[in-house]
Amino acid sequence: KNEVEQSPQNLTAQEGEFITINCSYSVGISALHWLQQHPGGGIVSLFMLSSGKKKHGRLIATINIQEKHSSLHITASHPRDSAVYICVLSGGGADGLTFGKGTHLIIQP
Amino acid sequence: NAGVTQTPKFQVLKTGQSMTLQCAQDMNHNSMYWYRQDPGMGLRLIYYSASEGTTDKGEVPNGYNVSRLNKREFSLRLESAAPSQTSVYFCASSEVMGANYGYTFGSGTRLTVV
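Respectively, the protein sequence lines represent chains Y and X.
Here the numbering used here is used: the first residue of the first sequence is 631, the next is one more, and so on.
Here the numbering used here is used: the first residue of the second sequence is 21, the next is one more, and so on.
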């Protein structure tokens, strides 16, 4: 089974800071997802990527297939970005997905 | 708004009671899933339905049953609730099974079994 590790587990930053969340995995994959979960809320799919980089607003996701690593960046962070960010890999499990444990991000005003 | 709708949002059960969690999607997706989320753990797959008329066990199916009522609806039933089933439950759907397809999640059901 693919092992997925997210870092950091918890991150507190000030509004406006540039945020980076990392996801590393052990076995090659065909795609990776980044999900966002607000406190007490549902889960939103942010990105699905298999190579290179994707950008949506202030969010940027990159993946390096050779190094088995993906990053999620948030520029000009805002308190509304406070959420748990979850990395999801293809491969493993009946549904083909392996979920990371998430990074708990708090942006203070 | 198009998406996945779960009901109820909150539920408290006594040990041994039964209940059904409802899930419906209006995106004409073929595949649907039930996950549970526990503190300190990633989402774990309970059951899934690759297409209408089929259901299969996931990673943690014990104590649960499912029904794919039609293409839109996929319900999760707890026949005799146990405190270990206290969790947040998420339903999700995708056009087809496979990591190269986007997944849409419901807003979750927070279940407490006392």
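Don't read these hints as lab results, they were simulated from the structure.
Hints may be right or wrong, so weigh each one.
Claimed, not checked - Derived lysine to any residue pairs resembling SDA-like cross-links, with alpha carbons at most 25 angstroms apart:
hint, chain 1, residue 1, chain 2, residue 2
1, X, Lys91, Y, Gly646
2, Y, Lys683, Y, Gly646
3, Y, Lys731, X, Leu131
Here is what the structure says about each hint:
no., hint, result
1, X/Lys91 x Y/Gly646, "violated, 44 angstroms"
2, Y/Lys683 x Y/Gly646, "holds, 22 angstroms"
3, Y/Lys731 x X/Leu131, "holds, 20 angstroms"
When the structure is compared with the earlier hints, a violation turns up for hint 1 alone.
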